[in-house]
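Participant: The residues making up each chain are set out below.
2 protein chains.
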Amino acid sequence: MGREKRGYLADVINLREQDIDVLVVPGGLGTREAANIAPVIEFVRRVYGTGLQYLLTVCTGSAVVGMAGVLDGRRATSNKKAFTWVKEVAPAVQWVPKARWVVDGNVWTSSGISAGIDLIYAWVGEVWGEEVADLIADSSEYERNRDASGDRFAERWGVV
Amino acid sequence: MGREKRGYLADVINLREQDIDVLVVPGGLGTREAANIAPVIEFVRRVYGTGLQYLLTVCTGSAVVGMAGVLDGRRATSNKKAFTWVKEVAPAVQWVPKARWVVDGNVWTSSGISAGIDLIYAWVGEVWGEEVADLIADSSEYERNRDASGDRFAERWGVV
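Taken in order, these protein sequences are the chains called A and B.
First residue of the first sequence? That's 0 in numbering that gives the first Met the number 0, and the numbers climb one at a time after it.
First residue of the second sequence? That's 0 in numbering that gives the first Met the number 0, and the numbers climb one at a time after it.
Certain hints may be false.
So the derived label-pair ranges between C-beta atoms look like this [what the hints assert, rightly or not]:
#1 A:Pro90 to B:Arg44: 55 to 61 angstroms
#2 A:Asp71 to B:Gln17: 56 to 62 angstroms
#3 A:Leu134 to B:Ala33: 25 to 31 angstroms
#4 A:Ala33 to B:Asp146: 43 to 49 angstroms
#5 A:Glu125 to B:Leu14: 41 to 47 angstroms
#6 A:Ala33 to B:Thr83: 51 to 57 angstroms
#7 B:Trp127 to A:Gln17: 44 to 50 angstroms
#8 B:Glu32 to A:Asp71: 49 to 55 angstroms
#9 A:Ala33 to B:Glu125: 39 to 45 angstroms
#10 B:Asp146 to A:Glu125: 26 to 32 angstroms
Non-contacting residues of chain A with respect to chain B, defined by C-beta distances greater than 10 angstroms in every case (computed) [unchecked claim]:
#11 Ile40
#12 Glu41
#13 Ile112
#14 Glu125
#15 Trp127
FYI, nobody ran anything at the bench for these hints, they're computed from the structure.
Ideal Cβ placement from N, Cα and C applies to all residues, glycine included.
The task is simple: from the sequences and hints, build the whole structure.
Facilitator: And the structure:
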């Protein structure tokens, strides 16, 4: 590992929580274990209180953020196969069953993992403009799903 | 790192080349440097000669495989923004400019990175059946691009 790489890692390690502008919280099977996610819940709670500009979640990342209390009373979505569990662990959230992603204030939550790709492109479009988002998508040869409410997986997995 | 993980890594390290059934070669900027890819080219050449069942590439991974001589006279595709470079470094390949992915015998090549997702689902469909491929895609909430020849990025990046 070269000096530059070490320097970069040191920067990341020394990053103060109040310096974080955008936090992306991923999901996955690891979110199902309380011992795994307890420190993550604490981290999200602390960072959200320090002036975070955007909080983005993919898949069951919204369950973690929900358990942190950050989504109380807000609209949000999550993985459709895990939706029953998600509603149970964070009952104070206004869960939207049929949505590829949901925006409520500065919190952007997406459904299952692939929906996270479309959420990120939509968010890039919001922050840097649609031309930039499309340039990145075209360079990656990605066909965007642009409709946040278009979600056939809600029916596919029986949550509507 | 637990015992199981160490055991798994040891298995991977001790994997003999002739035991590889399916080889996936990724692309990216790293493929542009000759010093970087020389050992990869050698590896692909050796493994392909040992009875590999399938060779899959994503993005400029097909350029690497092309430079290994494995694609000589075969039909293949690659990243559309890098297409001119790809044709230069592997001129003996029948490069297909307008294709999301191309299948020629046991070699499956895809275009830019996102096309690699569709290639993998199509390949899973071929090997394990479309029902399995769709179950994985639905579980991942992925909207598949099912047409291998549907490729608006060929025009977008001026290769047709």
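Participant: Give a verdict on every hint.
Facilitator: Structure-based check of each hint:
Taking 55 to 61 angstroms as the suggested C-beta distance range, the pair A:Pro90 and B:Arg44 conforms, at roughly 58 angstroms. Evaluation of the 56 to 62 angstroms hint for A:Asp71 and B:Gln17 yields a pass: the beta carbon distance comes to about 57 angstroms. In this structure, A:Leu134 and B:Ala33 meet the distance hint of 25 to 31 angstroms, their C-beta atoms being roughly 29 angstroms apart. Range check, A:Ala33 to B:Asp146: about 44 angstroms between beta-carbon atoms, so the 43 to 49 angstroms window is met.
At about 45 angstroms, the CB distance of A:Glu125 to B:Leu14 agrees with the hint of 41 to 47 angstroms. As the Cβ distance of A:Ala33 to B:Thr83 is approximately 53 angstroms, the hint placing it in 51 to 57 angstroms holds. A beta carbon spacing of about 48 angstroms between B:Trp127 and A:Gln17 agrees with the range 44 to 50 angstroms that was offered as a hint. For B:Glu32 and A:Asp71, the hinted distance range of 49 to 55 angstroms is satisfied, since their beta carbons lie about 51 angstroms from each other.
The hinted range of 39 to 45 angstroms is satisfied by A:Ala33 and B:Glu125, whose Cβ atoms lie roughly 41 angstroms apart. A beta carbon spacing of about 30 angstroms between B:Asp146 and A:Glu125 agrees with the range 26 to 32 angstroms that was offered as a hint. Every C-beta of chain B lies more than 10 angstroms from that of A:Ile40, the closest at about 24 angstroms, which supports listing it as non-interface. Against the 10 angstroms criterion, A:Glu41 stays outside the reach of chain B, whose nearest CB is about 24 angstroms from its own CB.
A Cβ of chain B approaches the Cβ of A:Ile112 within 10 angstroms, the least distance being about 5 angstroms, so the stated non-interface status is violated. Listed as outside the interface, A:Glu125 is consistent with that label: its C-beta sits roughly 21 angstroms from the nearest C-beta of chain B, beyond the 10 angstroms cut-off. Distance check for A:Trp127 against chain B: the nearest CB is about 19 angstroms away, which clears 10 angstroms, and the non-interface claim stands.
Taken one by one, the earlier hints fail for this structure only at number 13.
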